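Colleague: One-letter residues, chain by chain:
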Amino acid sequence: MHGFANPKRFLSLANWLTPLLLGSGLLVSAGALFWGLFRVAPDRLMGETVRILFLHVPTAWLGMGGWSVIALSSLAFLVWRHPLAALAARAAAVPGFVFTVICLATGSIWGRPTWGTWWVWDGRLTSMLVLAFLYLAYIALAQAAEREGVSPRIPAIFGLLGAINIPIINRSVVWWNSLHQPPSITMGKSAIDAQFLVPLMVAVLGFSLLFGGVVLARMRALLADIQAEARLRRRAMEAA
Amino acid sequence: MSAWKPKHQRLVLVALALVALVGAGLLAAYALRNQASYFYLPEQMLSDPPAVGQAVRLGGMVEKGSLQTAPDGVTLTFAVTGNDGSRVPVRFSGIAPDLFIEGSGVVAEGRLGPDGTFVADTLLAKHDENYVPRELQEMDEHQAAKMAEETTVGIE
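Keeping their order, the protein sequence lines are chains A and B.
Here the first sequence is numbered in UniProt numbering, starting from 1 and rising by one per residue.
Here the second sequence is numbered in UniProt numbering, starting from 1 and rising by one per residue.
Rather than coming from a laboratory, the hints here were simulated on the basis of the structure.
Just so you know, these numbers come straight off a predicted model, no measurement behind them.
Built from N, CA and C at the ideal position, the CB exists for glycine as well.
There could be a bad hint or two in this list.
Computed spacing ranges between beta-carbons, pair by pair [unchecked claim]:
1) B:S93 / A:V130: 31 to 41 Å
2) B:G116 / A:F34: 34 to 44 Å
3) B:G25 / A:L136: 42 to 52 Å
4) A:W35 / B:I101: 36 to 46 Å
5) B:D121 / A:I109: 18 to 28 Å
6) B:S93 / A:G23: 31 to 41 Å
7) B:L32 / A:S108: 36 to 46 Å
Capping the alpha-carbon separation at 30 Å, the derived lysine-lysine pairs in DSS-like fashion look like this [claimed, not checked]:
8) B:K64 / A:K8
9) B:K7 / A:K189
10) B:K7 / A:K8
Just need the whole structure built from these sequences, with the hints factored in.
Modeller: Listed below in structure tokens is the structure:
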């Protein structure tokens, strides 16, 4: 594991893994969405509206997964001081935010015909909205820390603090009465019929591959930025 | 302590901070457990009723056989039941969502009247965690129809 903290070794791995993850992710998620949108039968109560499940659930999980990546990378950065871990946390923030926003938007569109409302302030919806705001704050903080030359430990501490929201989102429908339904998929059990569950799991796999590909691509871009800046600085020193 | 490597010191420090953070979060969530609930269950509304006229939400199941439409055509009356058999009668005037049916979950926004009837301004349908294709649910009807067809052959 420590071996990959070396940027050169990381790049030699990421250079071929990035297009592989992005390509397979696009293929798998496009296939799963086609399957879910056109091939699956309508639900007994919700009818065609159930199809939004195949976008809503993977994006919800990855929205939470993105912050888990930020928290774990921040932990690795604070304890072991791996500079690559700080890059991984920064790289996961934007895709995590995008997935969270897609989850909120699709949930709202599903809620109007199903519940009869676009939005309610129940535990699940509110904690997910808080996650979107946490992402925005983290992105702003990480950019400011870089631009102002402040220690990257500050966004890392914020990334760890924000992780407390993840178990709250997960448990919100269990602890409190909420309009959002309780979890359908719990340890080894599922209240979702196999006809919906299989394409859903394929969609989760596809979106996860996409997420991994985007994080690696962004890490490479951030590394290239740092190298270009170092080169410019060296050239300026030589010229002076 | 001084024999420890700096990275081990940091690991212990971060671990302690995480334990404190998770503890604080759990305590906050525990303290919020009633206030952050989105609605009253019928048993909560009966045992600890909100003030008459105060805006609250009531959530539970629509009791089977209790849904009636008043002669004016837009007023619905039904009963909401909880987990232990307690029930609260509800009156609502307006358009109910598509998923609002007997035996299904509902969240009603409104206020408790002086006679113990909950007067709702808005009805929200609550979906449960089950997702079942329509065809599987209709399987029994299909089988019944097929059975009826087969058993009536030659009766003419």
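Colleague: Does the structure break any of the earlier hints, and which numbers would those be?
Modeller: 2, 3, 4, 6, 7, 8 and 9
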